[in-house]
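Enquirer: Sequence:
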Amino acid sequence: MTENQIKTIDFDEFQSVADGFIERSSHGFGEMPASSFFELLFEKMMERVTETIELEGEVVDNQLVLRLPVELETAVHVKNNEILIGDRRIIVKLKDGSVYPTVH
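Residue numbers (numbering that gives the first Met the number 0): 0 to 103.
Mixed in with the good hints, there may be bad ones.
As the list claims (entries may be wrong) - Simulated restraints on C-beta separations:
id	residue 1	residue 2	range
1	85	8	31 to 39 Å
2	83	60	21 to 29 Å
3	59	20	47 to 55 Å
4	22	90	35 to 43 Å
5	74	19	37 to 45 Å
6	72	19	45 to 53 Å
7	93	11	39 to 47 Å
8	71	47	14 to 22 Å
9	64	16	45 to 53 Å
10	12	92	37 to 45 Å
11	70	15	51 to 59 Å
12	44	65	17 to 25 Å
13	69	19	54 to 62 Å
As the list claims (entries may be wrong) - Each computed DSBU-like pair below joins lysine-lysine, with the alpha-carbon atoms no more than 30 Å apart:
id	residue 1	residue 2
14	94	78
15	92	43
16	78	92
17	94	43
Bear in mind the hints are in silico, worked out from the structure with no lab data behind them. Ideal placement from N, C-alpha and C gives every residue a C-beta, glycine not left out.
I would like the entire structure built from these sequences, with the hints used as guidance.
Expert: Here you go:
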């Protein structure tokens, strides 16, 4: 690589530099299976958790309905199968073709 600063190199050159760095820095460690990588990543992310929220859920007329416990005060909002956390929206869907009896 020339004396270019990273902010002035094009994407392909940056990719080549990054790939070379990763290759050199990981030499001797061997490859890690993707499942192990994601398990470790999940464990690291869990270390940052500051609040755990348990939702209650049931299937009503083949639709998933999630609820927060009434006494819980949190920034998380739940309506049916949607969860709002800050500026993120999570939609939980049932697997296609699954039929569940109506719960009363």
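Enquirer: Each of the hints needs a verdict: does it hold here or not?
Expert: Evaluation of the provided hints:
1. 85 x 8: 31 to 39 Å: Given about 35 Å between the Cβ atoms, the range holds.
2. 83 x 60: 21 to 29 Å: 23 Å, holds
3. 59 x 20: 47 to 55 Å: Because 53 Å falls inside the window, the suggested range holds.
4. 22 x 90: 35 to 43 Å: 39 Å, holds
5. 74 x 19: 37 to 45 Å: 43 Å, holds
6. 72 x 19: 45 to 53 Å: Hint holds: Cβ distance 51 Å, inside 45 to 53 Å.
7. 93 x 11: 39 to 47 Å: 43 Å, holds
8. 71 x 47: 14 to 22 Å: 21 Å, holds
9. 64 x 16: 45 to 53 Å: 51 Å, holds
10. 12 x 92: 37 to 45 Å: For residue 92 against residue 12, whose Cβ atoms are near 42 Å apart, the range 37 to 45 Å holds.
11. 70 x 15: 51 to 59 Å: 56 Å, holds
12. 44 x 65: 17 to 25 Å: 22 Å, holds
13. 69 x 19: 54 to 62 Å: Given about 56 Å between the Cβ atoms, the range holds.
14. 94 x 78: Satisfied, since the Cα-Cα distance of roughly 19 Å is no more than 30 Å.
15. 92 x 43: Within the cut-off at roughly 27 Å; holds.
16. 78 x 92: 13 Å, holds
17. 94 x 43: 29 Å, holds
In the structure shown, no violation is registered for any of the earlier numbered hints.
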